[in-house]
Amino acid sequence: MTWQTVTGLLTRGHQVASGQAKNSPYEAGTIALQTPHFRNLGLDLSGYFPGTLNISIAPKTFTLIQPRYTFTNLQWHPDFSPETFSFSPCYIEHRQQRYDGLIYYPHPETKLGHFQAPATLEVLAPLIPDLTYGDRLQLSLHQAEVRIE
Numbered sequence: 001m002t003w004q005t006v007t008g009l010l011t012r013g014h015q016v017a018s019g020q021a022k023n024s025p026y027e028a029g030t031i032a033l034q035t036p037h038f039r040n041l042g043l044d045l046s047g048y049f050p051g052t053l054n055i056s057i058a059p060k061t062f063t064l065i066q067p068r069y070t071f072t073n074l075q076w077h078p079d080f081s082p083e084t085f086s087f088s089p090c091y092i093e094h095r096q097q098r099y100d101g102l103i104y105y106p107h108p109e110t111k112l113g114h115f116q117a118p119a120t121l122e123v124l125a126p127l128i129p130d131l132t133y134g135d136r137l138q139l140s141l142h143q144a145e146v147r148i149e
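Numbering (the working numbering), first residue to last: 1 to 149.
These are computed hints drawn from the structure, not numbers from a lab. Think of the CB as a built atom: it goes at the ideal place given N, C-alpha and C, for glycine as much as any other residue. Hints may be right or wrong, so weigh each one.
[Said to hold, decoys possible] With a Cα cut of at most 20 Å, we get these calculated SDA-like pairs of lysine to any residue:
1. K60 to P129
2. K60 to S81
3. K60 to T120
4. K60 to L9
5. K60 to E145
6. K60 to P108
7. K60 to T5
8. K60 to A119
9. K60 to L10
10. K60 to T11
11. K60 to W3
12. K60 to L33
13. K60 to A117
[Unchecked claim] Computed spacing ranges between beta-carbons, pair by pair:
14. D79 to Q4: 31 to 41 Å
15. D130 to S81: 30 to 40 Å
16. Q138 to F80: 27 to 37 Å
17. P59 to L33: 12 to 22 Å
18. F49 to R136: 13 to 23 Å
19. N73 to Q97: 34 to 44 Å
20. R98 to P78: 16 to 26 Å
21. P118 to Q143: 15 to 25 Å
Produce the complete structure using the sequences and hints provided.
Laid out in structure tokens, this is it:
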């Protein structure tokens, strides 16, 4: 498999995924609420922090072309419409340490709100020590699954 590497900047997100947003319509973080549903479908997220890293690769953008996992019309919350999610494995490099990650992509056409810019990837990863907003990260992505333009 061929990997491509892009440099990104860690940016502050909406904080809905982690449950830290003050104005979230959900009773907990969306990742924590969704994790059991993904596990039931064969994707175990238990090794990842229950929130996302928002990594801007601007001025570049990305397109998922053949993600490893796609779950369509997932009814993960009883009070909201189903959503479609895709995931693609990746690696994050920070301070010469490499971490396994997953691109987390809630399809915008099925999402309630809290949209991301086309240059921002949401990434699930284990808790990474000493990571702060503004840090530069190297993100390695499968070329067959994610296109960088």
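Going through the hints against the structure:
1. K60 to P129: violated (27 Å)
2. K60 to S81: violated (31 Å)
3. K60 to T120: It holds: about 9 Å lies between the C-alpha atoms, which stays within 20 Å.
4. K60 to L9: Holds - the C-alpha atoms of L9 and K60 are around 12 Å apart, at most 20 Å.
5. K60 to E145: With a Cα-Cα distance of about 16 Å, the restraint between K60 and E145 holds, given a limit of 20 Å.
6. K60 to P108: holds (19 Å)
7. K60 to T5: holds (12 Å)
8. K60 to A119: holds (6 Å)
9. K60 to L10: With Cα atoms ~15 Å apart, K60 and L10 stay inside 20 Å; holds.
10. K60 to T11: holds (15 Å)
11. K60 to W3: holds (17 Å)
12. K60 to L33: With a Cα-Cα distance of about 31 Å, the restraint between K60 and L33 is violated, given a limit of 20 Å.
13. K60 to A117: Between K60 and A117 the Cα gap is close to 11 Å, so the pair holds against 20 Å.
14. D79 to Q4: 31 to 41 Å: holds (39 Å)
15. D130 to S81: 30 to 40 Å: holds (38 Å)
16. Q138 to F80: 27 to 37 Å: Cβ of Q138 to Cβ of F80: about 35 Å, so the range 27 to 37 Å holds.
17. P59 to L33: 12 to 22 Å: violated (34 Å)
18. F49 to R136: 13 to 23 Å: Check passed, 20 Å falls within 13 to 23 Å.
19. N73 to Q97: 34 to 44 Å: holds (37 Å)
20. R98 to P78: 16 to 26 Å: At roughly 39 Å between Cβ atoms, P78 and R98 fall outside 16 to 26 Å, so the hint is violated.
21. P118 to Q143: 15 to 25 Å: holds (19 Å)
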